[in-house]
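Peer 1: Each chain is listed here by its residues.
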Amino acid sequence: MTAATDGDQQDSGRDPGAPLPPLPGHSSRGRLERVLRRGEFAVTAEMDPPDSADADEVYQRAAVFDGWVDAINATDGAGANCHMSSVAICALLTRVGYAPVFQISCRDHNRIAIQGNVLGAAAMGVGNILCLTGDGVEVGDQPQAKPVFDLDGISLLETIRIMRDEKRFLSGRKIASPPEVFLGAAINPFAPPVDYRPLRLAKKIAAGAQFVQSQYCFDLPMLRDYMKRAVDQGLHEECFILIGVGPLASARAARWIREHVPGVHIPEAVIDRLAGAQDQIREGRDLCIELIQQIREVEGVAGIHVMAYRRERLAVEIIEKSAVLGGRRPWKRQQAGQA
Amino acid sequence: MTVRPPVRPRSGLRRWSVRHARLLEWLYEHFETILLRGLRPLWNALRGTRAEKGVIVVEQGVKGLLFDCRMCGSCVLIATGMSCPMTCLKGLRNGPCGGVRADGSCELDAEQPCAWVLAWDGNQRMRRNERIAGLQAPLDHSRRGTSSWLNKAAEWADDGSH
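In order, the protein sequence lines correspond to chains C and Y. For the first sequence, the numbering used here begins at 8 and goes up steadily by one. For the second sequence, the numbering used here begins at 448 and goes up steadily by one.
Simulated from the structure, these hints should not be mistaken for lab results. You may find that some hints are simply not true.
To be verified - Straight-line distance between alpha carbons at most 25 angstroms, and here's what the computed SDA-like set of lysine to any residue pairs gives:
1) C:K181 - Y:P585
2) C:K235 - Y:S589
3) C:K153 - Y:R517
4) C:K153 - Y:A584
5) C:K153 - Y:G520
6) C:K153 - Y:S552
7) Y:K500 - Y:M518
8) C:K174 - Y:G581
9) Y:K500 - Y:R591
10) C:K235 - Y:A580
11) C:K174 - Y:P585
12) C:K153 - Y:A557
13) C:K153 - Y:T480
14) C:K174 - Y:L582
15) C:K153 - Y:H588
16) C:K181 - Y:S589
17) C:K153 - Y:M518
18) C:K153 - Y:A580
19) C:K153 - Y:R591
20) C:K235 - Y:R578
21) C:K153 - Y:S589
22) C:K153 - Y:Q559
Claimed, not checked - Only some residues are given here: those of chain C computed to face chain Y with a beta carbon under 8 angstroms:
23) F156
24) L158
25) E165
26) P200
27) P269
28) G270
Even for Gly, the Cβ is constructed at its ideal location relative to N, Cα and C.
Produce the complete structure using the sequences and hints provided.
Peer 2: Below you can see the structure in the form of structure tokens.
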């Protein structure tokens, strides 16, 4: 295990919950933007939100990632299933100094609710927002719900960029103190129409994306093709590209995910490798570690985004074993009672 | 095996329109220059009269047949390869979501082609195929059910362009 260096403790203020001092050229006062703009290879992770009204559950789940990631994504009704809201999780996390990524899905909120939530989140110290279209209600546990989709992922980006940079709502009404946020979006290099995907990234950048986090990557040649086209267009210089990774538990689980989770592409070779292994969980972990090490070498990639639904401890083990941080230790919470 | 639901009669023409996106682009550009812009004063005089309803019926009939039009009132077919983005189950107007299936069908309805896979196909056939890269503003829901043609004519009148 790497000894903690003073490294990223530079990214903390006196009060853990307070925004960091502003830096020139930065849109937010958060840690994720600082790490990326310094040129460090960033690691973000997705947190599984609790089905509970207990704040301690949020802190327990976040503690697993403490000192291992640069930001924690709080999903917004992922897969159209209901959990504690993203904005509330982010507000709780900022109180103790974590850098959360507030995910907004267009499925559940119209433009009035979204603009209000953006102001509220920024007031609570949330520095990063990920703009998503969102899964359809049909795939979730409450398919009877009314899908909203008033905005889409791209017009959502543009809406928040206008609020931040032009200090106004969509209606034109003035905003006294604009939200200082680092704006993100999702990409899926692995879904059709594949030729259109790099153009779609360019469109997201034009709409305001400063960083993107991708869908799970299990197909390295496809990623390399996509990144080559992005780099040829200089998109990696306009936007930090983080690639999504996660461990597969077994060949059976992989097949299930491929069939039931929208947008996840898993090549047959990956499933065969898992199926042929004696210990499939271990093989899934090793496969993920190898992928991370290979992704790190792809030109234009600025970091990884780890998604390990309900297997957060394994995610941390993977971050450690892959040595993706290169000896760097991200910010860690100084808890009372510790030295 | 799942039972295939009956194919809606309109879906056949939807694909035809995408395959003939270039022809439709040519037709629309002439329609826009000659009819919409040329007769702008006439269209604007129609607004708010009983004749407006007639225009809506014609627009709905023609575009419903060709594109499965949903009368959003803010038509962008010229920038979406002649595949109507309102037929996307999420109504996405800025490109496909990340859930498109490997065979190009919709994540929510495997029996339907993704409206944006069709759009990309149609766009590649069009002469001015850079328009798909433009950002579409959030849809104005207060225009639902109104005529896009009349709305366009009114916009030109507002900004005084020809």
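Peer 1: A separate judgement is required for each hint: does it hold in the structure or not?
Peer 2: Evaluated hints:
1. A C-alpha spacing of about 19 angstroms is found between K181 of chain C and P585 of chain Y, which places the hinted pair at or below 25 angstroms, so the restraint holds.
2. Restraint check: the Cα-Cα separation between K235 of chain C and S589 of chain Y comes to about 42 angstroms, which exceeds 25 angstroms; the hinted pair is violated.
3. This hinted pair checks out: K153 of chain C and R517 of chain Y have alpha carbons roughly 18 angstroms apart, not beyond 25 angstroms.
4. Using a Cα cut-off of 25 angstroms, the hinted pair K153 of chain C and A584 of chain Y holds, with the two alpha carbons roughly 22 angstroms apart.
5. With a C-alpha separation of about 22 angstroms, the suggested pairing of K153 of chain C with G520 of chain Y holds against the 25 angstroms cut-off.
6. Of the pairs offered as hints, the one joining K153 of chain C and S552 of chain Y holds, with about 22 angstroms between alpha carbons and a cut-off of 25 angstroms not exceeded.
7. For the hint linking K500 of chain Y to M518 of chain Y, the alpha-carbon distance of about 13 angstroms falls within 25 angstroms, and the restraint holds.
8. At roughly 23 angstroms between alpha-carbon atoms, K174 of chain C and G581 of chain Y fall within 25 angstroms of each other, so this suggested pair holds.
9. A distance of roughly 14 angstroms separates the Cα atoms of K500 of chain Y and R591 of chain Y; the hinted pair therefore holds under the 25 angstroms criterion.
10. Restraint check for K235 of chain C and A580 of chain Y: satisfied, since their Cα atoms lie roughly 19 angstroms apart, inside the 25 angstroms limit.
11. Distance restraint check for K174 of chain C and P585 of chain Y: the Cα-Cα separation of roughly 18 angstroms lies within the 25 angstroms cut-off, and the hinted pair is therefore satisfied.
12. Among the hinted pairs, K153 of chain C with A557 of chain Y is consistent with the structure: their alpha-carbon atoms are about 20 angstroms apart, no more than 25 angstroms.
13. Between K153 of chain C and T480 of chain Y the CA atoms are separated by roughly 40 angstroms; this puts the pair beyond 25 angstroms, and the hint is violated.
14. Distance restraint check for K174 of chain C and L582 of chain Y: the Cα-Cα separation of roughly 20 angstroms lies within the 25 angstroms cut-off, and the hinted pair is therefore satisfied.
15. For a cut-off of 25 angstroms, the pair hint linking K153 of chain C to H588 of chain Y stands: about 16 angstroms separates their Cα positions.
16. With a C-alpha separation of about 23 angstroms, the suggested pair K181 of chain C and S589 of chain Y falls inside the 25 angstroms cut-off, and the hint holds.
17. Restraint check for K153 of chain C and M518 of chain Y: satisfied, since their Cα atoms lie roughly 20 angstroms apart, inside the 25 angstroms limit.
18. Taking the CA atoms of K153 of chain C and A580 of chain Y, the gap is about 30 angstroms. The hint is violated against a cut of 25 angstroms.
19. With a C-alpha separation of about 18 angstroms, the suggested pair K153 of chain C and R591 of chain Y falls inside the 25 angstroms cut-off, and the hint holds.
20. The hinted pair formed by K235 of chain C and R578 of chain Y meets the criterion: a straight-line CA distance of about 24 angstroms does not exceed 25 angstroms.
21. Between K153 of chain C and S589 of chain Y, the direct Cα distance comes to roughly 19 angstroms. Compliance with the 25 angstroms bound is thereby established for this hinted pair.
22. This hinted pair checks out: K153 of chain C and Q559 of chain Y have alpha carbons roughly 20 angstroms apart, not beyond 25 angstroms.
23. Checking F156 of chain C against chain Y by beta carbon gives a least distance of about 5 angstroms; that is within 8 angstroms, so the hint holds.
24. Among the interface hints, the one on L158 of chain C holds; its C-beta lies about 5 angstroms from the nearest C-beta in chain Y, closer than the 8 angstroms criterion.
25. At about 6 angstroms, the closest approach between the beta carbon of E165 of chain C and any beta carbon in chain Y falls short of 8 angstroms, and the interface hint on this residue holds.
26. The interface hint given for P200 of chain C is met, as the beta carbon of that residue sits about 4 angstroms from the closest beta carbon of chain Y, less than 8 angstroms.
27. Nearest Cβ of chain Y to the Cβ of P269 of chain C: about 3 angstroms, under the 8 angstroms cut. The hint holds.
28. Because the smallest distance between the Cβ of G270 of chain C and any Cβ of chain Y comes to about 4 angstroms, under 8 angstroms, the interface hint for this residue holds.
In this structure, the hints that do not hold are numbers 2, 13 and 18, in rising order.
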